[in-house]
Amino acid sequence: MIRAAIVLGLALVAACGDLAGLGGATPALATIQIETAGAFSAVEEPGADPPALRVALVWGAQWLTEPLCILPPEDASAAALIAAGCRDPFGFVPARVAASVPLVPDGTASLSLLALPAADVMVGAVTARVAYGSLVIYDDRDGDGTLTLGRAYQLAGREDGPPDEGGITTEDRVYAASFVSMTEADRRLAFREGGFDPATAFYPRSGCGDPPPGFSIVAAGGFTATEAIAAQLRGELPQEDPARCETASTDEPVVLTYRAPAELHELACEERRNDSSIRYREPLGDAPDLTNRTLACVGIPDFGTGAANGARQLAVSGRADDSCVGLTHYVLRGCSENPLCAVPDWDITATPPSWWPCPQDAR
Amino acid sequence: MWRAIVVLACGVGLSRTSRADDGAQLASTREETWGYRSTGDVMVDGGLVVGFPAALPTGLARGVGLGVTSGRSLAWGARAAWVTATESSLPWTVTHSDLRLRATGAVQAAAGRGVVALRLGLGGTLVHESRVRNQGMRAGLSGDALATSTFAMLPAADLDVVVALHVAGPWLLVTSGGPSIDVLDGALHGGWSAQLGLAWQP
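Just so you know, the protein sequences line up as chains A and B, in that order. With the numbering used here applied, the first sequence corresponds to residues 1 to 363, in that order. With the numbering used here applied, the second sequence corresponds to residues 1 to 202, in that order.
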């Protein structure tokens with residue numbers, strides 16, 4: 001009895017591990033090694049302060065461009081408007097910045113992910129969903145330690161409903177990104193949970209195979225806009241070149257090549273609406289400030305149904321020096337969500353404002 | 001008329017006699033049911049335990065405990081309790097199972113059907129810690145990156161107020177509670193514990 005008690009006592013005293021409780025170091029769910037290529041000095045945009053380069057992971061949004069930006073322009077003014085106010089319809093659209101670390105002077109960084117992508121950046125059902133992220137190098141000009149995502153400003157209208165949110169200016173400059181657009185080669189961080197639907201059109205890489213479960217680095221060669229539109233008209237996804245597809249673990253370093261910030265500014269711009277819907281506005285009596293903007297009178301897209309019946313809109317781009325591009329849409333007759341609504345919320349076709357530059361609707 | 005009065009008086013008298021007999025029987029039954037005997041020095045008790053986890057900064061640990069006490073005004077004994085608590089932070093879900101082992105000494109006094117005691121317990125708490133990295137399984141982690149497990153023995157002490165109430169025969173209703181401390185990472189970690197249960201004192 002006494003011997004048993006002694007043995008038990010020794011065993012209890014010997015049980016001296018370190019309790020961590022709720023504290024202690026948090027192991028990363030994945031760690032991504034970043035390397036750089038090219039000369040930063042060759043693309044550096046002069047700034048007031050020395051550059052503070054950081055690496056960030058940006059999860060992508062499921063985004064659909066508005067029809068005006070993807071349909072063939074009806075004239076030169078529409079083409080100029082699209083060039084000034086539409087982002088790349090096949091470009092990577094950021095939804096959320098997940099992690100950010102400084103780039104060390106030797107041009108490398110180790111990005112530890114402490115949380116999985118949230119459900120709102122994963123596309124698919126809970127049994128088969130995927131998130132894609134772009135790894136970016138940026139100059140943290142506002143010094144907040146993260147990539148600040150900007151948002152396009154829109155001009156005001158005579159509002160009946162709640163006002164649209166305002167724009168956001170970002171001072172940060174993106175100098176490299178692993179995933180810029182589907183129309184060029186990309187290397188993206190994927191997180192897949194459950195199965196994978198090969199028909200998903202979320203940054204599709206059809207022909208490359210499914211991303212593996214969990215975190216991985218996947219690459220694709222990209223496709224042209226013409227190929228993408230043709231495939232869409234056939235009801236298919238554009239095909240990637242299998243020879244340019246890659247799948248690697250997150251242990252493989254990702255090499256980012258420096259580029260001019262002007263080529264990558266959209267990587268720091270989020271979108272107000274992701275479903276191609278448009279908020280139409282009733283023009284004010286006083287002219288909005290159209291300085292340094294591109295505008296065009298264009299037809300309301302009806303995809304050949306004839307529903308527009310010659311109805312036109314005034315589309316105005318943001319300022320040329322805005323950090324993010326976007327369009328403001330004015331119509332003389334319509335509703336905020338549908339310019340062709342049967343019972344319009346406003347109709348000032350008979351008394352357009354004096355500054356209205358477009359011809360009268362044919363309706 | 002007189003016959004009716006006599007019959008009524010006999011009826012009332014018989015009724016009174018019967019009621020007195022029932023009362024005596026009821027008192028006797030109550031005495032047998034709720035009477036108690038307390039002749040032994042040894043008391044064994046057990047019950048449900050709640051308290052502050054020995055090594056977690058928050059939470060409510062729940063479990064069971066039992067103990068044995070021997071003595072009258074001064075009593076000695078031993079106690080053991082097993083309680084568990086699970087708490088979460090953003091990265092971790094942590095489960096602590098505490099095995100509380102104490103040698104006890106108590107000062108106690110009888111008060112009517114009850115016994116009131118002040119009990120000091122000294123000993124150790126064996127803590128088993130299980131940590132699981134939140135989202136780790138979804139991310140494909142395995143091994144120590146996903147979950148860890150460890151034991152630790154913490155010196156500990158409890159000071160409890162104990163109230164025991166004789167219920168019937170050798171059975172008592174016992175409740176106790178009070179502050180507790182343990183030594184965690186070289187520092188004192190305060191807490192509390194309480195127990196509600198039954199005791200058997202032959």
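Some hints here could point you the wrong way.
With beta-carbon atoms standing in for the labels, derived distance ranges [stated by the list, open to error]:
| # | chain 1 | residue 1 | chain 2 | residue 2 | range |
| --- | --- | --- | --- | --- | --- |
| 1 | A | Ser41 | B | Thr86 | 50 to 58 Å |
| 2 | A | Ala25 | B | Val183 | 30 to 38 Å |
| 3 | B | Thr86 | A | Asp275 | 28 to 36 Å |
Looking from chain A toward chain B, a few residues come up when the C-beta cut is under 8 Å (computed) [what the hints assert, rightly or not]:
| # | residue |
| --- | --- |
| 4 | Ala20 |
| 5 | Leu64 |
| 6 | Pro67 |
| 7 | Glu193 |
| 8 | Cys335 |
Bear in mind the hints are in silico, worked out from the structure with no lab data behind them. The beta-carbon is built from N, C-alpha and C at its ideal position, and this holds for glycine as well.
Hint check results:
1. A:Ser41 - B:Thr86: 50 to 58 Å: 54 Å, holds
2. A:Ala25 - B:Val183: 30 to 38 Å: This hint is violated: roughly 23 Å between Cβ atoms.
3. B:Thr86 - A:Asp275: 28 to 36 Å: Since B:Thr86 and A:Asp275 have Cβ atoms about 41 Å apart, the given range 28 to 36 Å is violated.
4. Ala20: 6 Å, holds
5. Leu64: For A:Leu64, the interface hint is violated, since the closest Cβ of chain B sits about 28 Å away, which is over 8 Å.
6. Pro67: 38 Å, violated
7. Glu193: 6 Å, holds
8. Cys335: 43 Å, violated
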